[in-house]
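S.K.: Those protein sequences? They're chains A and B, same order as listed. In terms of the UniProt record's numbering, the first sequence opens at residue 1 and continues consecutively. In terms of the UniProt record's numbering, the second sequence opens at residue 1 and continues consecutively.
It should be emphasised that the hints constitute simulated quantities derived from the structure, not laboratory data. Even glycine gets a Cβ: it sits at the ideal position worked out from N, Cα and C. A portion of the hints provided could be inaccurate.
Here are the simulated distance ranges between beta carbons [to be verified]:
(1) Glu-567(A) to Ser-523(B): 19 to 29 Å
(2) Asp-38(A) to Gly-334(B): 53 to 63 Å
(3) Asp-475(A) to Pro-331(B): 35 to 45 Å
(4) Asp-478(B) to Glu-567(A): 48 to 58 Å
(5) Thr-4(A) to Ser-251(B): 50 to 60 Å
(6) Arg-520(A) to Gly-450(B): 33 to 43 Å
(7) Val-323(A) to Asp-184(B): 53 to 63 Å
(8) Asp-478(B) to Arg-465(A): 42 to 52 Å
(9) Pro-166(A) to Ala-488(B): 55 to 65 Å
(10) Pro-331(A) to His-138(B): 48 to 58 Å
(11) Glu-467(A) to Ala-482(B): 26 to 36 Å
(12) Asp-491(B) to Asp-463(A): 47 to 57 Å
Below, computed lysine-lysine pairings styled on DSS-like, alpha-carbon distance capped at 30 Å [what the hints assert, rightly or not]:
(13) Lys-58(A) to Lys-65(B)
(14) Lys-65(A) to Lys-65(B)
(15) Lys-381(B) to Lys-58(A)
(16) Lys-58(B) to Lys-65(A)
Protein chains: 2
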Amino acid sequence: MPFTPPVAEQRFVLEHVAGIADLAASERFAEATPDTIDAILEGVGQFAAGEWEPLARKGDTDGPKLTADGVRMPQGFAQAYRDYVDGGWGTVGSPVEYGGMGLPFALSTAVLETLGVANMGFALAPTLTVGAIEALAHHGTQQQQALYLPHLATGAWTGTMNLTEPQAGSDVGALRTMATPRGDGTWSVKGTKIFISFGDHDMADNIVHLVLARTPDAPAGTRGISLFLVPKYRLDAEGRPGAPNDVRVVSIEHKMGLHASPTCVLSFGDNGDCVGELIGPEHGGMRAMFTMMNNARLNVGLQGVQVAEAATQRAVAYARERVQSARASAPGAGPVAIVEHPDVRRMLVRMKAETQAIRALVYYAAGQVDRGNLGDDAARKRADLLTPLAKSHGTDIGCAVASLGVQVHGGMGYIEETGAAQHFRDARITPIYEGTNGIQAADLVGRKLGLDGGGVLAALIADMRAEAEHAALRDLIDAIEAAAAHLAGADPDDRLAGSSPFLTMCAVAVCGWLMERQGRAASGTDDFARIKRASARFYLDQLVPEALGLKPAAMASADVLYAVNAEAFAA
Amino acid sequence: MPFTPPVAEQRFVLEHVAGIADLAASERFAEATPDTIDAILEGVGQFAAGEWEPLARKGDTDGPKLTADGVRMPQGFAQAYRDYVDGGWGTVGSPVEYGGMGLPFALSTAVLETLGVANMGFALAPTLTVGAIEALAHHGTQQQQALYLPHLATGAWTGTMNLTEPQAGSDVGALRTMATPRGDGTWSVKGTKIFISFGDHDMADNIVHLVLARTPDAPAGTRGISLFLVPKYRLDAEGRPGAPNDVRVVSIEHKMGLHASPTCVLSFGDNGDCVGELIGPEHGGMRAMFTMMNNARLNVGLQGVQVAEAATQRAVAYARERVQSARASAPGAGPVAIVEHPDVRRMLVRMKAETQAIRALVYYAAGQVDRGNLGDDAARKRADLLTPLAKSHGTDIGCAVASLGVQVHGGMGYIEETGAAQHFRDARITPIYEGTNGIQAADLVGRKLGLDGGGVLAALIADMRAEAEHAALRDLIDAIEAAAAHLAGADPDDRLAGSSPFLTMCAVAVCGWLMERQGRAASGTDDFARIKRASARFYLDQLVPEALGLKPAAMASADVLYAVNAEAFAA
């Protein structure tokens, strides 16, 4: 694929949306100078294009294999991963204390985007490692941090998140994995976890499993859950990977896509000898999990950006090359590349506009995380509010753009060798994992709407309203304000019934706001500026009104959903 | 999969939407009595559930294979196909003169729906055979009809449509396959065709390839195209399959889905000995092709119904079985099946409502085809207008519903063994083949809007307006009238730029009209009536407003699409 790292776009969004110059004005992020940003964006772009993208199709067709020695990645992945570690690309956002560069999360978001545009399944490994770093940095002991963080900070060791069990998916509180004290301060972990991304592989010296489990006599449900660190290899006295722990890969799932990422069933403690350490306080697992998951959710929203960017680049390249029919407005001029046909153009401009919009949403949220880390409490809460928007809408749009990418290719899009189908298959997991998009919507109308008594949303609305000029965007902002007021007073069923359409309306409003801002900022006459202005105009004129059409659904009663009971539902 | 043939729904839609009782009042369709309809719907339901559905997953995982003797279907398919032929299921809509039952197209649509719900890829074989029957019945000589139609009418022989070549996809006029006279009235065909569904297989005694080709000195473009019949086996003096013709399967494509259907590259005349017959007049190929394609386009819209119905049934079954979390409105009542959670319910009701809506659209169009065949010219033109709506919107919704089906399954939806992913992959070709949905939209705003100077659309709008009560539906009808008036006066680029959103608006208006009608007709207190009313209400309250949100896009200028030229587009 003709992969072009979207450096100019990333730089522009970091500047005008994430506000990286303001971040660099702080002591903590003083290293985030324009030169450093350019060097990192361009460097990782070259690396990803040169080493990760060439493995993208192999990851799909060959896939990881489960052997007697554990999971083996397809040929080339281990080397490409080592080069990622050696190049320092894992360290961009990692804590300085443990060997990281400590640069803003917004910038490491751009780095991770580029890696994922090149090879989405592969980039899931660093994504999960970030979650492990967050959990340890916030909840680990000094000793745990000293032992594990230096290796995670570079990516030399990778992390996993072990939440799901067959009976405990969205309902994390139903998990049954047990941890019992071994008497020496460590714990014996026993249970089976499913859907563990990169649960095993041969690319790193160790794998740090973060495992949710119950302790003896723990209260039922989520309040009785604790977080444990279970290394694939136990550390020896020097802190190096030593004897294998009692963790077994039972199987790799046969997934529709994202084949480069081995999705494992892991069995802990088959032989009663799986040693783990408690992270944070006993029964404090949910809090630690949310620390781990919050950034992970933004990063899954970022996967939507990754796949949308990749699908768009591929579709644009095909549409510029494929010649078919004369343009209707110039029938005598002979056949043209299909990019010239209005309906194909419409699909491509939509792909561009949607991709830019979700990139803006995710980078903006990442910038709020950075501000929160600098002590700005309002920004931290705004990041909390934006996280379900970025995760859900980012992934919904990733899927939608990948689908348009198939469509632009016509019949060739359905042939696997073309590559468009892989994006379509790869994308489809993202609205599901790290909390389904329905769970995100429930989080939005359940927890996030009520933050500061509604003040967090109100402040966002006020900021948007102060800047918004486009009539449809102003209408949409009014609509989400009205819907939010309605939902705040609605009973739980009605609130949840309207939650998903409401989430989409909110996300499109934020996207529209940020697209309009970018359109204003792109005042030049170069191609980049003209495309940016066209994308912004298309988004505001055509996509914002679509979201307005969701208002009745966001405010509808749940009654219609329960007109028949479940038993009759199949009639 | 727990497949339940949707007999009650089909009967209801045939009655209240397709108006089958009116059809049965004609001499031609007098056999379409309620008893016959019931017997056929129930019979094919039992047959499909018993023999075709059990092969659905095998068709996906094993797939047809190309051998030295041609394409071999997975084990069981040949027998299941013979049983379909022997059961007479292919004859329902076939002409009486050739051994068919000659029942309404609306009824054979229901039969084909059931077969495709059970096994979508398999059901493509009969779908293509219908196209071949139509072409021969309208354009073949008496001798050609006598030789071929009795075998096609039962499905004992199958048909193919050979249009596409590597350089000629949507631009059919660019094809290069040549037919030269052999001097005995037959033609020698030479060329390569791609994307030929069921281009070869081992289920039938013969395969009737209908091939578009150019004749010597033919004018350029579509005006120089002729249609040829090329049998896999030439007929002997008794009209039986004899010597193999010079047609070779070059390869089977590796597609994302619909694996049960072998998509072949066919080479005609490698040895200069491929014998074909002209169908219709020389240079009359496009007209014959449209005859063949019009019903095929409705049948592809019907594939959207098939996959939506299958995905919905599978999702409902899973959601009723999968227990996870307490309902938010009753936290103390313990975990419930996920069908009880409002957002899951919303997805399921949406799947139901969308599926019912596109079924209504396709069956209504089929009923208009029947009326056209009875001599009602207005109905024939209305069917022409509805065909791009049914094809595009039916397939868009098939994809959307299959995607919701994956979502309802959560993580299990991404695992291939669950089956939800197969629907998602299978569906994705339908917006592409038989004329991409973009081509359908161009057909709508190009040819169909202008039928009778706009009178055909005006008559439909008048009929909808006379019956529509729901405010949003009335607004949508007004909106399509306004958009149609705008598009009629727009320049070609603007008209095409708005064509796809306009098509969706029109299709949703027709669906909303037919759903409202069904909601009124379903006055009982049984589960079927209550679900029908709930689906109708959901459709009108929540989905019709979404389509209203497309109005700005339908009426937008193409300028924004051409703000940069194609060379700059990748910037």
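S.K.: Work down the list of hints and note, for each, if the structure agrees.
M.R.: So, going through the hints one by one against the coordinates:
1. Remark: the range hint 19 to 29 Å for Glu-567(A) to Ser-523(B) is upheld by a beta-carbon distance near 22 Å.
2. Taken as a hint, the range 53 to 63 Å holds for the pair Asp-38(A) and Gly-334(B), whose Cβ atoms sit roughly 56 Å apart.
3. Under the hint 35 to 45 Å, the C-beta atoms of Asp-475(A) and Pro-331(B), about 36 Å apart, fit the expected range.
4. A beta carbon spacing of about 41 Å between Asp-478(B) and Glu-567(A) contradicts the range 48 to 58 Å that was offered as a hint.
5. At about 32 Å, the CB distance of Thr-4(A) to Ser-251(B) disagrees with the hint of 50 to 60 Å.
6. In this structure, Arg-520(A) and Gly-450(B) meet the distance hint of 33 to 43 Å, their C-beta atoms being roughly 41 Å apart.
7. Val-323(A) and Asp-184(B) have their C-beta atoms about 38 Å apart, which leaves the hinted 53 to 63 Å range violated.
8. Range check, Asp-478(B) to Arg-465(A): about 30 Å between beta-carbon atoms, so the 42 to 52 Å window is missed.
9. The hinted range of 55 to 65 Å is satisfied by Pro-166(A) and Ala-488(B), whose Cβ atoms lie roughly 58 Å apart.
10. Checking the proposed 48 to 58 Å range against Pro-331(A) and His-138(B) shows it is violated: the Cβ atoms sit about 29 Å from each other.
11. Between Glu-467(A) and Ala-482(B), the C-beta spacing of about 32 Å keeps the proposed range 26 to 36 Å intact.
12. Distance hint check for Asp-491(B) and Asp-463(A): the Cβ-Cβ separation is about 40 Å, which falls outside the suggested range of 47 to 57 Å.
13. Of the pairs offered as hints, the one joining Lys-58(A) and Lys-65(B) holds, with about 23 Å between alpha carbons and a cut-off of 30 Å not exceeded.
14. Of the supplied pair hints, the one linking Lys-65(A) and Lys-65(B) holds, its CA atoms being roughly 25 Å apart against a limit of 30 Å.
15. Restraint check: the Cα-Cα separation between Lys-381(B) and Lys-58(A) comes to about 51 Å, which exceeds 30 Å; the hinted pair is violated.
16. Distance restraint check for Lys-58(B) and Lys-65(A): the Cα-Cα separation of roughly 23 Å lies within the 30 Å cut-off, and the hinted pair is therefore satisfied.
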